[in-house]
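Those protein sequence lines, which keep their order, are chains A and B. Residue numbers for the first sequence, in my numbering: 1 to 96. Residue numbers for the second sequence, in my numbering: 97 to 579.
Treat the hints as calculated values from the structure; they're not laboratory data. Treat the hints with caution; some may be incorrect.
[Stated by the list, open to error] Simulated DEER-style distance windows between Cβ atoms:
#	chain 1	residue 1	chain 2	residue 2	range
1	A	GLU66	B	ALA514	41 to 47 Å
2	A	LEU14	B	GLY345	23 to 29 Å
3	B	GLY336	A	ASN60	55 to 61 Å
[Unchecked claim] Negatives, chain B to chain A, calculated, CB over 10 Å:
#	residue
4	GLN300
5	THR488
6	ASP495
Computed from a prediction, not measured in an experiment: that's the story for all the values here. Glycine included, C-beta positions come from ideal geometry on N, C-alpha and C.
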Amino acid sequence: MALTLAEVEHVARLARLRLSPAELEKMREQLSNILDHFQMLQQIDVSTIPPTAQVTDLVNVMRDDELRPSLAREQALANAPVQQDGMFRVRAIFEE
Amino acid sequence: MDYLVTIGLEIHAQIQTRSKMFCGCSADYAAAPPNTHVCPVCMGLPGSLPVPNRRAIELAALTGLALNCRIASDNVISRKNYFYADLPSGYQRSQYDDPLCVNGWVDIDGDQGPKRIGLTRVHIEEDTGKLTHTADGGSLVDFNRAGVPLMEIVSEPDITSPEEARRYFQKLRQILVWIGVNSGDMESGALRCDANVSVRPAGQQAYGAKVEIKNINSFRFVERALAYEIERQVTSLRAGERIVQSTRGWDEATGTTVAQRTKEFAEDYRYFPEPDIPPLRLTEAWVAERRAELPELPDARRQRFMTDYDLTPYDATVLTDERAVSDYYEQAVAAARPRGVAPKDVANWLTGELFRLLKDSGETLVVAAQRIRPEYLAEVQELLNNGVITRTSAKEAFDAAFREGRAPAQIVAERGMAVIGAGDALTDMVRQAIADNPKVVEEYRGGKVTAIKYLIGQVMKATRGQASPQAVQQALEQELTRQ
Ligand SMILES: [Zn+2]
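With the rest of the complex left out, here is chain A (with noise of 0.2 Å):
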């Protein structure tokens, strides 16, 4: 199942990657590859199986509505390029 280069294109800006042209015909022909695979998996029959989007089997995994520790601002800020009065900061939000 081959991709279009305006597809990749697509999804690249949705993933926020900035890709040269021979980067975007790399990745369209290694995408349509994977799909490919997904393409023989849609071969099987399912029908007979509930969709599911875990494999885990669990159900109901809650906590109750206590209070933990939280980090110290510190440490909640160590990795922060930049950081002022104790947040972090951004370039300007609407500038894209």
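Based on these hints, arrange chain B with the ligand on the given structure of chain A.
Chain B with the ligand in isolation, oriented as in the chain A frame:
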């Protein structure tokens, strides 16, 4: 040409829990210093494992039941993927195909009388962090709010005017606060809404293009923003222009809606089931437990107040607006019953004298109730009913009870406020008045019966209002005929 207006609201309501939706950080972010209620889960750090807050799920289901929804048995939490600096993990945990609650409704006062607004769904999700934009072109991120439990309540496009939209929003707030799932605090963002609105020429079947107004955080704004937006769309259509499906924001300063930059692909959220959270399977027994938790709702209570307590629609509405006031009234009525005091009289004390005192003191009833206990309303009316005090004294005793937090009966006893009846004290005062005013007595005896009014006034003054005028008149007439 006439235009038809179609409005639907999406209301975001934080769920009142102690901890966040998927971690044990405190959800009480309002006054916390930035980034002090955060942990690897709510900061989206790799390798952390989110675990749903049971209470948040219970309260969301409770909301669904209060809004007449069906509760879904199989629930999947999904990832809604998009990039934004207030979203630490690059996705928001939400629900997509399988919302927790579906097909509900809310009854409101519509423009043409009672109206039922349909609810499409109520689903659970997590709130995002908070952004502050700096003057030098940066943005600061505080993740304290990230991961706070949130419900999205989506209405059907059943609303046909800005006023109806406001009333629907108010009704929802009333119910959410009443059942204790939301603080109702719109200023802090605990309750906010997006409004979808379209207009179309009367007679046209298909809806017009939908415009979404984002992040409205007051009743007044929702009404004003919609009124402005409808006007704008109708003017465009009249001028032969086309309305484009778009997102706008309400600008309070200019009183207009402003087009927001819509990011390309913004709607391509690529939802998929959250692999870290196993499905939530809610049994019928579990739903029944939630239903048992549901208190009597305002509409039902209002109806009961009118039927059982003989309240006017107005009083019944006032006394079911807020749960705390309503419960207080119920306690007062419970104390009134054995005293033979009518619920209607209790309502009058509450909505009249007590509301006035609260307005003066600037307190909420919850605070003042530490002093003015509900049974005091019944007690003061009982004293009045039994003729122990006059209406003037009753008010005075009630005001003192409000200020001092002591029982009206005690205050009446201590201050000698009890009515001066037909006994010796009154007789003495009546005789004194007769002795002091021979001319008036003469006029009365000479046939001018209205002259007794002056004497009544003199005696009332002497009793400082603690006698009933009828009792005084009776005593005077007796005394005047005797001599
Ligand atoms: Zn956390």
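(request) Please write out, lowest number first, the hints stated earlier that are contradicted by the structure. (result) Violated hint: only 1; rest satisfied.
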